[in-house]
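Please construct the entire structure, taking both the sequences and the accompanying hints into account.
As they're listed, the protein sequences go chains A and B. With this note's numbering, letter number 15 in the first sequence gets 14, and the count goes up by one each step, no holes. With this note's numbering, letter number 77 in the second sequence gets 76, and the count goes up by one each step, no holes.
These are calculated hints, taken from the structure and not from any lab test. We put the CB at the ideal spot given by N, CA and C, even for glycine. Be a bit skeptical, because a hint or two may be false.
As the list claims (entries may be wrong) - Away from chain A, derived, C-beta distances all over 12 Å, residues of chain B:
#1 PRO23
#2 ARG37
#3 PHE38
#4 PHE40
#5 SER41
#6 ASP46
#7 TRP65
#8 LEU95
Stated by the list, open to error - Where chain A lies over chain B, by a calculated footprint (3+ residues, C-beta under 8 Å):
#9 24-35
#10 53-63
#11 70-82
2 protein chains.
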Amino acid sequence: VEKASLRQGRCSRPPDRAAVHGRPALEHYFKDRFAASRFRFSFTFSDIQLAGDIAFERLAYTALAWPAGGGPAVEDAGKGLHVYRRQSDGSWKLVLDIWNSDRPAEPRR
Amino acid sequence: VEKASLRQGRCSRPPDRAAVHGRPALEHYFKDRFAASRFRFSFTFSDIQLAGDIAFERLAYTALAWPAGGGPAVEDAGKGLHVYRRQSDGSWKLVLDIWNSDRPAEPRR
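Set out below in structure tokens:
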């Protein structure tokens, strides 16, 4: 999956797990995420740079996640990079996204 | 710092902390990292796409980190994205890098 071409669809690179590549895998990933928690996202920064048929966007976000099983909301703040490619019809398509948290992590076991 | 232009120098976006922007801040950041641990990195995947004066590289890595204070090495594996910009002299300069781990995180407190 990692080595698949971007021509084969969007490649998402979330923290704390392997890359997710292509529409079926992405649908599965986001369905699981949204089943586990309800989210409220705010994008707090965006800077887009154009280079021919590619655009890349630095962004920052804050998020609140309410676990589906109850309990207090978990706060997060982080940053990411989105890469868009202009399609033959002139529209822009997200082809790659990667992000990580600004918050200190607990040490990994 | 977050909102500074990429014209003002490389913007690194490490996990678990805020973005690091510009040479003095980057020197400080990497000096601290290399003082805290000795690292061995292997890049296990690279795919570079060109778009005019921009190149972006998907990559994956494995890493071993030996804490300076002793103790067992910590293993990591992850993925990242590097953005390079062609300079007026034809050379390529890393202007943005972001990465994250593939390993499950401990829940944040």
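For each hint, the structure was consulted:
Annotated as non-interface, PRO23 of chain B keeps its C-beta farther than 12 Å from every C-beta of chain A; the closest such distance is 20 Å. Once the 12 Å rule is applied to beta carbons, ARG37 of chain B is consistent with being away from chain A; the minimum gap is 17 Å. At the 12 Å boundary, the C-beta of PHE38 of chain B stays outside the reach of chain A, the nearest C-beta of that chain being 15 Å off. At roughly 17 Å from the closest C-beta of chain A, the C-beta of PHE40 of chain B stays outside 12 Å, upholding its exclusion from the interface.
At the 12 Å boundary, the C-beta of SER41 of chain B stays outside the reach of chain A, the nearest C-beta of that chain being 14 Å off. Annotated as non-interface, ASP46 of chain B brings its C-beta within 12 Å of a C-beta of chain A; the closest such distance is 7 Å. At the 12 Å boundary, the C-beta of TRP65 of chain B stays outside the reach of chain A, the nearest C-beta of that chain being 15 Å off. The claim that LEU95 of chain B is not at the interface with chain A is violated, since a C-beta of that chain comes within 12 Å of its own (minimum 7 Å).
Counting residues of the region 24-35 of chain B whose C-beta sits closer than 8 Å to any C-beta of chain A gives 0, which falls short of three, so the coverage hint is violated. Remark: the region 53-63 of chain B is confirmed as covered by chain A, as 4 of its residues place a Cβ nearer than 8 Å to a Cβ of that chain, reaching the required three. For the region 70-82 of chain B, the assignment as covered by chain A holds, since 6 residues bring a beta-carbon within under 8 Å of that chain's beta-carbons and 3 suffice.
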